[in-house]
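Number of protein chains: 2
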Amino acid sequence: MSSCEFESLEKSLESHLPEAELAEMKRILYGKETKKLALPACAVEAAFKRDFELKGYSFEAAQEQLRMPRRIRVGLIQHRIVLPTDVPVVINAMHNRVGEMVKVAAMCGVNIICFQETWTMPFAFCTREKEPWTEFAESAEEGNTTLFCQELAKKYNMVVVSPILEREQLQSTLWNTAVVISNSGNVLGKSRKNHIPRIGDFNESTYYMEGNTGHTVFQTQFGKIAVNICYGRHHPLNWFMYSMNGAEIIFNPSATVGALSEPMWPIEARNAAIANHCFTCAINRVGTELFKSEFTSGDGRKVMWLGSRTPGLSRTRDGLLVVEMDLNLNRQISDKWSFKMTGRHAEYAEELTKAVRHDFRPSIVKE
Amino acid sequence: MSSCEFESLEKSLESHLPEAELAEMKRILYGKETKKLALPACAVEAAFKRDFELKGYSFEAAQEQLRMPRRIRVGLIQHRIVLPTDVPVVINAMHNRVGEMVKVAAMCGVNIICFQETWTMPFAFCTREKEPWTEFAESAEEGNTTLFCQELAKKYNMVVVSPILEREQLQSTLWNTAVVISNSGNVLGKSRKNHIPRIGDFNESTYYMEGNTGHTVFQTQFGKIAVNICYGRHHPLNWFMYSMNGAEIIFNPSATVGALSEPMWPIEARNAAIANHCFTCAINRVGTELFKSEFTSGDGRKVMWLGSRTPGLSRTRDGLLVVEMDLNLNRQISDKWSFKMTGRHAEYAEELTKAVRHDFRPSIVKE
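These protein sequence lines are chains F and R, in that order. So the first sequence is numbered by the numbering used here: it starts at 126 and just counts up by one. So the second sequence is numbered by the numbering used here: it starts at 126 and just counts up by one.
A portion of the hints provided could be inaccurate.
Distance ranges between label pairs, derived from CB positions [said to hold, decoys possible]: (1) R:VAL169 / F:THR331: 52 to 60 Å; (2) R:ASN328 / F:PRO165: 44 to 52 Å; (3) R:ALA163 / F:GLY339: 46 to 54 Å; (4) R:THR159 / F:VAL207: 18 to 26 Å; (5) F:LEU162 / R:ASP484: 56 to 64 Å; (6) R:LYS160 / F:GLU144: 31 to 39 Å; (7) F:LEU299 / R:GLU293: 54 to 62 Å; (8) F:GLU158 / R:ASP176: 31 to 39 Å; (9) R:ALA163 / F:GLU158: 37 to 45 Å.
Residues from chain F that face chain R, not an exhaustive set, calculated with beta carbons under 8 Å [stated by the list, open to error]: (10) HIS141; (11) LEU154; (12) TYR155; (13) ASN311; (14) GLY314; (15) MET334; (16) GLU335; (17) GLN344; (18) PRO361; (19) MET389; (20) SER463; (21) THR467; (22) ALA474; (23) GLU476.
In silico EDC-like links for lysine to aspartate or glutamate, alpha-carbon gap of 16 Å or less [said to hold, decoys possible]: (24) R:LYS151 / F:GLU132; (25) R:LYS136 / R:GLU178; (26) F:LYS151 / R:GLU135; (27) R:LYS479 / F:GLU472; (28) R:LYS180 / R:ASP211.
Since the hints were made in silico from the structure, they are not lab data. For each residue, glycine too, the CB sits at the ideal point set by N, CA and C.
Turn these sequences into a full structure, and let the hints steer you where they fit.
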């Protein structure tokens, strides 16, 4: 069986395990079961017609005495590219496809939607080619794609997180950036990818540098959100600092390959949610993208650019995941587990400040 | 099926899944397959006779040109208590059982062995009782248990990590401490539990306080090791700082209950290994411990003090896990993935220093 035929972990477990064992397995692998969310028939039908997967789940918090529930719905979109990589650049190529998926998200009552990393283009940063790929770069504030997202935001009263390849107009610098658009249609701001991979062909640092927007959190009508782009998921301090700035939901739009890091996907975002008492939402693109200059990974083996998975969605099909979450859950979990309160952050600030000095002497005991 | 009958995730998968799907499932869940380690027949026989599980695996690194492989073997021991909790305190109660398990570890060529959290006693810190449990506390440097471990260390030329309840003689302060004994038999030092749970009945802070030994790393003949005790596994900064001080292997001896946190076990230690380019070894005790004063969890429900699992060992039986690891793998992984190099630690030191101030103003953008 090739790995592209393996549709999802859940499907495989569900088709083979006896019921009681399945329940215990799911408890160990996934924790408390998330309830399925009933989605409107019109949305289910529209997703079927447009050939993408649609799934819904909900996280419930306990009823509190003083705070009303803060139930909101988040939508996560994964999709393949729609044009082959050898046709001329079309900036709007993906707009239609994603537009129809957002329409379905709106039917499902989604308040905040997040697209995959550099969603408007093939993920070409692992090739040796710069042209024509950098032509997909746009202004975060005034580019076509931002204008398109502003329309969606206003039309559906939805916060839109739109990760693009950004060209900063003044210096023509490229960045890997998520544009955050308020449900009013205004650009709330942007968050640039903080950590850039330098792994074999995933040496994206020839395209853009480490972001300079720090760990900004965006206060939206539906909660405080932040965007940790792709490789930043490997850095626990990155998640942590978004959380220290108050993020209730941290999005992690990615573009990566199953053969390279798939075993880490179920671990890193979940670990960040556990450690920081917040929601984390991970997205990866799907599909196969072929490039003219076939490329190799850093270790000389060929890389398979294969379909990849978000938890709960197929590893191979376009899809929309709708998640209802009561943001009250964050504080409830924090009050119970106290990882922030017991975090001794001041001590770490001191230790880390010493540890980053060039003349740092590590605390090592020898005989 | 009650959860105590569910012996292990691996066993359940192996008995139900078709071969090809099992392989793909294991790749996604566990990453690259660890090879089984051939263990000597005498050890297998001894473990069988003494009724404990024995398993061996190995992590292989690539052959380098300038460095010889640094293959070492680590042993991890999980066990139940041997005396019921209503008999008089016997400091040495566990010594025999663990002694015979260490003997088998020696047959398997183990260089560094680690026992479970406060291994000499029932894990009573969740009861309301202080007596007689605090009588198990011993000096880290001169207690009976340390003397016993020094003998083992010398006899088997083995580094011994012995987590005990420590009584600091001068101030009669209690600590949750791991004593690290060199293979020469000398006490190399100690590492105290850095983060203390305050979760319902897991409010251990009435017994001991946050440790004051920082993130000391112990340079042994077989590699640089550190000990992150129990609840410290929830704090990514804790793992991180041990690693910043040079740890190649971080042990995580624990005592916790499956119903409470089992879904997190496969995540946190693995995430730490990924993020910090090092080996992490997690141990939990097994068995059922009953206490006179039956206790409830913080949310008013009864807590089941049920068997718990280390990856690869049974959730219910005593066991010894032997793992061969080539420590060269750490630098190889680091050179490939570069999470340290791309970590931007100096920026985090600055940000964190600001974030821990009482007048910190988080970086939040509003419309």
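Please flag the earlier hints that this structure goes against, numbers listed from lowest up. 4, 5, 15, 28
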